[in-house]
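Engineer: Quick mapping for you: the protein sequence lines, in order, are chains W and R. For the first sequence, our numbering begins at 1 and goes up steadily by one. For the second sequence, our numbering begins at 1 and goes up steadily by one.
Read the hints as simulated data drawn from the structure, not as lab findings. Bear in mind that the values here come from a model prediction, so they are computed numbers and not experimental data. Idealized CB from N, CA, C, for every residue including glycine. Take the hints with a grain of salt, since some may be wrong.
Said to hold, decoys possible - Covered by chain R, according to a simulated footprint, are these stretches of chain W (three or more residues, beta-carbon under 8 angstroms):
#1 247 to 256
#2 272 to 280
#3 356 to 363
#4 494 to 503
Claimed, not checked - In silico contact screen, one side only, chain W against chain R (beta carbon under 8 angstroms); selected entries:
#5 Leu21
#6 Arg59
#7 Asn70
#8 Asn73
#9 Ala74
#10 Ala95
#11 Glu140
#12 Glu186
#13 Ile384
#14 Leu396
#15 Arg515
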Amino acid sequence: MAFPHRPDAPELPDFSMLKRLARDQLIYLLEQQHEVDKLYKVENKPVVSSSEQLCFLVRPRIKNMRYIANLVNADKVAGRTRKYKVIFSPQKFYACEMVLEEEGIYGDVSCDEWAFSLLPLDVDLLSMELPEFFRDYFLEGDQRWINTVAQALHLLSTLYGPFLNCYGIGRCAKMSYELWRKLEEEEDSETKGRRPEIGHIFLLDRDVDFVTALCSQVVYEGLVDDTFRIKCGSVDFGPEVTSSDKSLKVLLNAEDKVFSEIRNEHFSNVFGFLSQKARNLQAQYDRRRGMDIKQMKNFVSRELKGLKQEHRLLSLHIGACESIMKKKTKQDFQELIKTEHALLEGFNIREGTSYIEEHIDRQVSPIESLRLMCLLSITENGLIPKDYRSLKTQYLQSYGPEHLLTFSNLRRAGLLTEQAPGDTLTAVESKVSKLVTDKAAGKITDAFSSLAKRSNFRAISKKLNLIPRVDGEYDLKVPRDMAYVFSGAYVPLSCRIMELVLERRSWQGLDEVVRLLNCSECVFTDTAKEDKASSESLRLILVVFLGGCTFSEISALRFLGREKGYRFIFLTTAVTNSARLMEAMSEVRA
Amino acid sequence: MRTGGSGSAKLSPAACGGGLLCTAWPPPAPAMDCYTANWNPLGDSAFYRKYELYSMDWDLKEELRDCLVAAAPYGGPIALLRNPWRKEKAASVRPVLDIYSASGMPLASLLWKSGPVVALGWSAEEELLCVQEDGAVLVYGLHGDFRRHFSMGNEVLQNRVLDARIFHTEFGSGVAILTGAYRFTLSANVGDLKLRRMPEVPGLQSAPSCWTTLCQDRVAHILLAVGPDLYLLDHATCSTVTPPGLAPGVSSFLQMAVSFTYRHLALFTDTGYIWMGTTSLKEKLCEFNCNIRAPPKQMVWCSRPRSKERAVVVAWEKRLMVVGDAPESIQFVLDEDSYLVPELDGVRIFSRSTHEFLHEVPVASEEIFKIASMAPGALLLEAQKEYEKESQKADEYLREIQELGELTQAVQQCIEAAGHEHRPDMQKSLLRAASFGKCFLDRFPPDSFVRMCQDLRVLNAVRDYHIGIPLTYSQYKQLTIQVLLDRLVLRRLYPLAIQICEYLRLPEVQGVSRILAHWACYKVQQKDVSDEDVARAINQKLGDTPGVSYSDIAARAYGCGRTELAIKLLEYEPRSGEQVPLLLKMKRSKLALNKAIESGDTDLVFTVLLHLKNELNRGDFFMTLRNQPMALSLYRQYCKHQELETLKDLYNQDDNHQELGSFHVRASYMAEERIEGRVAALQTAADAFYKAKNEFAAKATEDQMRLLRLQRRLEDELGGQFLDLSLHDTVTTLILGGHNKRAEQLARDFRIPDKRLWWLKLTALANLEDWEELEKFSKSKKSPIGYLPFVEICMKQHNKYEAKKYAARVGPEQKVKALLLVGDVAQAADVAIEHRNEAELSLVLSHCTGATDGATADKIQRARAQAQKK
């Protein structure tokens, strides 16, 4: 079931070094410097602790600073004197210090930095765990994390040798790339002589492809994420999964032998696989009968533990599957998927629209409704004015007026827009492109430029063949292409772009697509002198998703890797899915 | 002096006096036989020699004895200040402070305009410290540039400074003063000035006859002599000390000397007796009676590191004496007024016309050159000479060494001795001998030879009288090449420093780059050259040399008041981030903002923003932001959390009505508590939306105002919680509360579409399990959402009975689904067969389970078969 890699596929680099680096630094900060013995989660409530010193490990956000300031000031009022230490991760921002100063506590706290930016979630997945990146950059136009991305790339190139080829698409990708190059140039050229381990690096802005991220996921790992929410590579399985009265926190990665075989599978195959697995397991248990004492001893000491472990995992995943099935059938999942596919293919738009309307009217789920609206908007190049108004009205009636702001956010991010008469759009477009060509302005992300961004999804889809033509049934057991991650209905756009660029080793011939994507800015360097020594490393590819990537995309690229003999390493600002994207854009009452 | 008084620093190698190796100085050696002619034995085991470093060409106007003199160790510069204050009445002419290199090249000359000076001294960084009578210490650079000043305490103001010493410790350079009240104050490190007032010496009524500073265990002490007594002052105490084995009859100490390393002490008594011992005063090394009762002018130690010999050099007006652990002393006649400078491994002696070095002959040299020496090195040198003469004796000598197996030692001796030779010709001949000997050795590691050649080349270069740093090999090793380079830079000898770096292949960052940066910092101080030219010259020379920070150089330019030049230089700085702090300092905030944005570092942008905010008035500040979207969005983020009102102003200024509207909408539920306030905020928002031509948002906001008022009324009239519910939820709540009429009214008022209302009512009534009302409702008119949802919702509430009622009314296209939902498989099959719909047939078939539906399944199969036949 799990497909083996081609024999010539390169080995993955060892990421344990990253873990060690981060851990040692944190231990040093906490223990050596400040003698911390207990950790609390920072929540918006007073700290109940009699400790003489408080140490905060926080993201550098103004909100957090206010929280700390309130706490310190409360202590002051109560006449308590404590030592306060703030450790910023991944870096300290001047704005934060300013807030501390304005709140009058700058002298009372001492600050430190924990330069931790890369968390290896799996053998091939590095996450910066910056879910706020998406909103900060794509909505607020805040570029603060780009520096962090550049630092992370720099760290990777220091540890694993220089990257030979760099490709990228999107403004953020370009800025990150340039900043990273700057860092590389400033540094002593120590890495120059090193043998490169990673051949290609591909940077991609999330806003290049919103569609893929907005689709319902149907590969197992994606489904688990959509249903239970995977956090930092682990998931909380509730009582309905564990079939006991306790919740269980389970790490989901390549270590889990059962999971690693089904994670990239289409959900329809998973059940069959799991039952087969269960039968095999039983057979292995059954071998006990007929054993003499010595064999039994061997069995108990060598195999039993592994079998038991496998048994535990198997029952967990079966439980998870059942739970998913229950939830999905209740909401008429098939209907939903059908609508999504129709939207992707661009037929029965009217029906799709009424489906969404009904969805809203029935108050099924605010996030789901929003997601469908966005999907409709992007695939259709914006909603027609009538629908745009009516869907929004319906939505406000169902879920409350504050979502007026949500719509404003979505419009700004280009996720939910109104089809405008052709001429006005081109006027804005030309204005924007002028802005872009102007060199000084080119450096700036104008948060509003996306206003005029047309998604052009239909044209891109045609150009890139994103909707595979299927004669007969698409065999999900033996996938033909990356479309299998969406039941054979759609090849993820982001992955398709990478496939094409890697195939050509350039953007050549993709000018039209790039134009349609509204991304005049792609990075391209080609330093590779195609020597034999580096040919293996050229098959190791680092993919950087700025603004998050989904498990479906990861699965799709893993599939591509197996087909073409590549190995992909994923670096993402955070693992995301449609719900997380929508929540990031939603306005909620505090 | 190449850099000269004009201050032009050229970097062309041609200016370096023809390469590194100085050849013409000193004059050619006398014949080898007389080589030991200037060696003077002291006792049985040691020789002392004195040789000339330079013949001084400094054209002194004054006698040395009339001047305050200070000479820095390690071949450092010499400062002279004619001392007019020593005479009874002050002279009317102002004195001149002259600074010379060790070779007598003038480095600086300035008119002394401050108060009377008590003492001069050089710090370890080669800064001249001038201790004034009023306790102020003025610090000058090597080129006579005033650096800073500090005071030795207020107490001194009244009592005056009688005497002062500048001394060196491991922390840096210290100053000790003796005040008119016979109290001592010292600071062990003038770089980090901490004054320490030493304890009082009980009963001290007059100035001590002599005193000195000692350094023991990293603490500075003072040793002073009053009459026959010696006192040691430390932090807190004053103790009397007695040198062990001191000859009797001493009624006063005239002079005392501490060795370079603070390890040894020498005392000169009024009986003409010299006591030598350890500084701790626990051990006597030796003594000597010179029978001269006149107080010596100077007494300094002359010893070499790691040598067992101890000797002090005592100078009177016309006589110089070297005394040690030997019955006889070495005596020299001084023709001229001379001054002694203690060094690590000897004593420098300079006068009006010469500059000499007196030291103990090193072991290696002694072994080789001692008359009739049979040491391996001596034989090797001889062998090499014979070889050059093409004499067979060469072979004999060589064999002799080899037979003894001492060739390695011989080579080493020659290399070492070469290091200690001052004259290049001697160095060469010794190195030639070493090289010759090396040929006969299989495995002699070459590095010691190579390194010595390199070191000597460097040493000869700096000893050149143009440069005037007469370092010995031992001093050079102690000083390190880095410090030597620093000193060359300090003397503005950039080309030589760079040549040395290149010659020694030092890494660029600590070598050439650093020196170029220093050069550039010096260059920007040349006021007579235009900004353009300076900037261009610097860029040409520095280019993209790694490790050079243009911003540092620019900072220096700004420090000299050349803002424009600084900005020009910053242009060359490749890292935009580095440019920002200086630009801010120079009040070029807008330029700084551009650079910060270019750097992509938001933190930096924010720093500049806050600067700008304080610097500009609000209007200008906003205008600046307007052209910088990235900065604007950053500032907005900040305002969102810290300054909401400012955020509003920002939007207002930009006529950004859309955002303004959003702002007020947010305020309507975040900031306002009272319903009136909330409505008012919404009204403002609606107005803004109208201005933004966003009719939809305006209408929606107005609807919300209506809804809020209505919810308020509902709460008043019906009780319960209505505020902040969505319209949908408000209606649902009304239905659930049994207020159907009100619900209908609300739906009409807000024009809730039929479909939504039906869904809403259906869900609410089913939740109430009010089946009667539901049925009534279903019959009120034809359902716009069909009847399948009725079936579904009844089944969800597990009411199959009610569900079946509605299943009958479901339209034909959904009939099968409805029937299956209520579990009537048989009828579903019938309908499906009637429809002749393959999909429906399969659906029903998939619901056929077990034996009960066996017949139905068969029926379907038959129908299928029939359909296929047709």
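Engineer: The structure should be examined with respect to each hint, and the outcome stated for every one.
Structural biologist: The hints, checked one at a time:
Residue count for the stretch 247 to 256 of chain W with a Cβ under 8 angstroms from a Cβ of chain R: 0. That is fewer than the three needed, and the coverage hint is violated. A count of 0 residues in the stretch 272 to 280 of chain W with a Cβ less than 8 angstroms from any Cβ of chain R is obtained; the coverage claim is therefore unmet, three being the minimum. Under a criterion of three residues with beta carbons nearer than 8 angstroms to beta carbons of chain R, the stated coverage of the stretch 356 to 363 of chain W is upheld, 5 such residues being counted. Counting residues of the stretch 494 to 503 of chain W whose CB falls under 8 angstroms from any CB of chain R gives 0; the rule of at least 3 is not met.
A distance limit of 8 angstroms between C-beta atoms decides the matter here; for Leu21/W the minimum to chain R is near 23 angstroms, and the interface restraint is violated. Restraint check, Arg59/W versus chain R: the minimum CB separation of about 14 angstroms is more than 8 angstroms; hint violated. Taken as an interface hint, Asn70/W does not check out: its beta carbon lies about 13 angstroms from the nearest beta carbon of chain R, beyond 8 angstroms. The beta carbon of Asn73/W comes no nearer than 15 angstroms to any beta carbon in chain R, farther than 8 angstroms, and the hint placing it at the interface is violated.
The restraint placing Ala74/W at the interface with chain R is violated, with a minimum CB-CB distance near 19 angstroms, outside the 8 angstroms limit. With its C-beta approaching chain R no nearer than about 5 angstroms, Ala95/W sits inside the 8 angstroms limit, and its interface hint holds. Among the interface hints, the one on Glu140/W holds; its C-beta lies about 6 angstroms from the nearest C-beta in chain R, closer than the 8 angstroms criterion. A distance limit of 8 angstroms between C-beta atoms decides the matter here; for Glu186/W the minimum to chain R is near 6 angstroms, and the interface restraint holds.
Taking 8 angstroms as the C-beta cut-off, the interface hint given for Ile384/W is violated, the closest approach to chain R being about 14 angstroms. With a cut of 8 angstroms, the hint placing Leu396/W at the interface with chain R holds, because the nearest CB-to-CB distance is about 6 angstroms. The interface hint given for Arg515/W is violated, since its Cβ lies 23 angstroms from the closest Cβ of chain R, which is over the 8 angstroms cut-off.
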